[in-house]
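**Student:** Based on the hints, put chain B in the right spot on chain A.
So the sequence lines, in the order shown, correspond to chains A and B. Okay, so the first sequence: first residue is 1 according to this note's numbering, each after it adds one. Okay, so the second sequence: first residue is 1 according to this note's numbering, each after it adds one.
Simulated from the structure, these hints should not be mistaken for lab results. Treat each hint with caution, since some may be false.
Partial pick of chain A residues on the chain B-facing surface, computed with a CB cut under 7 angstroms [said to hold, decoys possible]: (1) Met80; (2) Asp82; (3) Val83; (4) Asn84; (5) Tyr85; (6) Leu88.
Here are the simulated distance ranges between beta carbons [stated by the list, open to error]: (7) A:Val240 x B:Trp45: 44 to 52 angstroms; (8) B:Leu58 x A:Leu367: 57 to 65 angstroms; (9) A:Tyr39 x B:Ile48: 27 to 35 angstroms; (10) B:His155 x A:Phe180: 49 to 57 angstroms; (11) B:Ile48 x A:Gly255: 20 to 28 angstroms; (12) A:Glu77 x B:Glu71: 53 to 61 angstroms; (13) B:Ala44 x A:Phe316: 37 to 45 angstroms; (14) B:Ile48 x A:Pro185: 29 to 37 angstroms; (15) B:Arg107 x A:Phe23: 53 to 61 angstroms; (16) B:Gln74 x A:Pro267: 38 to 46 angstroms.
These numbers come from a predicted model, not from an experiment. Positions of the beta carbon are idealized from the N, C-alpha and C atoms, including for glycine.
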Amino acid sequence: MSSPIFKSPVVRWIDHRLPIFSFMDHELNEYPTPKNLSYWWNFGSLAGMVLVIMIITGIVLAMHYTAHVDHAFESVERIMRDVNYGWLIRYIHMNGASMFFIVVYIHTFRGLYYGSYKAPRELLWILGVVILLLMMATAFMGYVLPWGQMSFWGATVITNLFSAIPLVGESIVTWLWGGFSVANPTLNRFYALHYLLPFVIVGVVVLHLVALHRFGSNNPLGIDTKGPQDTIPFHPYYTVKDMFGMAVFLIVFAGFVFFAPNYLGHPDNYIPANPLVTPAHIVPEWYFLPFYAILRAIPDKLGGVLAMFGAIFVLFLLPWLDRSPVRSSRFRPIYKWFFWVLVADCVLLTWAGAKPPEGIYVVLARLGTAYYFAHFLLLLPLLSIFETPRPRPTSISQPVLRGGGVPAGARAKPMEKA
Amino acid sequence: MAESVQVGGGVGRDEKPKSDEPTRRDFLYLATAAVGAFGVASVAWPLIDQMNPAADVLALSTIEVDLSQIEVGQRVTVSWRGNPVFIDHRTPEQIEEARAVDVAELRDPQTDAERVIEPEWLVVVGICTHLGCVPLGQRPSDDRGAFGGWFCPCHGSHYDTSGRARRGPAPLNLAVPDYEFLEPTLIRIG
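If we strip away everything but chain A, and leave its shape as in the complex, we get:
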C-alpha cells in the first residue's frame, strides 16, 4: 500500500504533484486480488472493453449519420455502401450491442450465483443494476436511429408504455414524442440522448469500480480474503487472464461481425419507417425478450408495464431479499438448484417473448413470469431461513494448501484458478 518508487525522475515529478501513477499502480498493478478467481470473473473487464468499443464506433458513426426522418435511413445505407469501412464499423456497433448484453447478463448471473451482491457489496450491485437500466435505455434509443420499420414501431410501442400511467400518461407520451406521434422531434432527442447516455454509463462504471475496489472482488468461495496469502497482485496475473479472455471473446464477436452480421437483427429494419403500416410480427431485440414476455403475460396494461419494470427493480432489493449470510452457491445446496431454475426460467421467458402472444406461449410466459417474481420475493427470503449451508473453509488458501498456506507471491506454482 505504500507509495511505489518510480525510476523515471519525470514520472516522480509528476506523481508528486498529481498522483496519477501511484493511483494506477495501486488500482491496476499491485491491487491485491483473490487468487482463486475463475473465468466467470472475466466478464466485468469484457463489459468495460465492449463499452469502449461501442463509444469509439459510435462516435465514428455519428460523423456520418443524419438525425432527420428524411435522411436517417439513407445516411445509414450510405455508411454501409459508401463510407470507407462503414459496413465494418456499423456491424461492430450493431452486434456490439448484443455482445454488451450477453456479457453483462453473464456478469449479472455470476453475481447471483456467487452472492456478489451481499454485504459489503450492496451498493456495488445496485450501481450495476443502474448500469443495466442505462444500457437498456441507450440500446433502445440506438435501435430507433436507423429509422427502419422496427425502429419506428419499437419506438412507438416502448414510448406508449408510459401511457399506462394513470391520469398523466397521455401527456407524458406527448412530451416524450414532442408531438402526437413518433416523428422528427422524437428522432432528434433520441439521438441526443443516445450520444449522452454512454458517457453517463462511463461515470457509473467509475463509481462501480470505486465500490469494487473498496473491498475487492468477491470470489468463487464467497469468503473474505484473510491476508496476503489469499491474494495475488492484479498485474500480471489478472491483466494477462483478462487479456486472454478478451482474445477469446473477440473471436466470437468477430464471428458475428464477419459471418453473421444480421443474425441477431430483424430484416424488417431494412425497410424504411412507414408511420401508416405496422409490421405483422413485431418483436424487440433478443436482449429485451424476457421483459417483453413479462409485459405481455399480464392481461392488464398498467399491470404489464409495472411487472416489466418490476422485473428490473426487484434486483435493487436483492441484497435485502436474500438474507443468507453465505455468499457462494457452492455452500448453499438448495439455492444452487434454484439458481439454475432461474436461469432456465429466463431462457423460457426469452423464448416465449419471441413467439406470438397466443395459445400455449401466453401460458408459458405467465408461468415464467410468476416463477421469476416468486424466486426473488418468496424463495430467497424462505431459503434464508430454511436452508442449512455447508461448512465453509476458513480461508481461500486453506482448501488448497491446508493450514492457511504461505504468502502466494513468495513461492510457487501459480495456483489453479478455481
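**Tutor:** Okay, now just chain B, sitting in the frame of chain A:
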C-alpha cells in the same frame, strides 16, 4: 543459453539470465508485442480511413463543362469538388498580355503556355493560394487588380490574365486542375 532455456521452459519465474544473450522470454515478449501492434494497427486503420472521402464523394470528383455558351471575354465559375473553378474565355489582348510577361520576374515562374491547353481557354481553381479566399474578377464590375486578372479582397493578392500571382502575399499561381478537351467545346475537369 542452454541454462536459460531450461529456466524459460519451466513455469517462468523472473530470473535474470546470466549473460546478455536473449532468452526465450525476451522472444515471447517481442513476438507478443509485434502481434499486438499489428492487431492495433489493423483496427486503427478502418477508424482513420472512414474520415477519408467516401465513395459517393469520390464519384463526384469529375465534372463536364460545356463551353459553347461562353462568349469571348466572359468568365464563368463552376463548382468542382465543392470548390470554384474559373473558366475564362480570354480575348486575344488578354492572351497577348499573359504571353508578354517576363517569366524570370515571377515568384512562381510559369509560361502562359504551360498553364493552358487551348490559349483562349484559361481554367484555374478559383482559390487564392495565400489562405483560401475566392478572388474577385469573375464579374465585369469586379476589381480585377493591377494586372487585369483577379484580385483577392482578403489580403490583397493580384493575379494576371494567366492566373499567376504577381503582387501581394500569395506564394503560388492559381492552380490549374487536371482537365481535358473531350470535344472542342466540352471539357472534363478532374
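**Student:** For this structure, which hints from the list above don't hold up?
**Tutor:** 1, 7, 12 and 16
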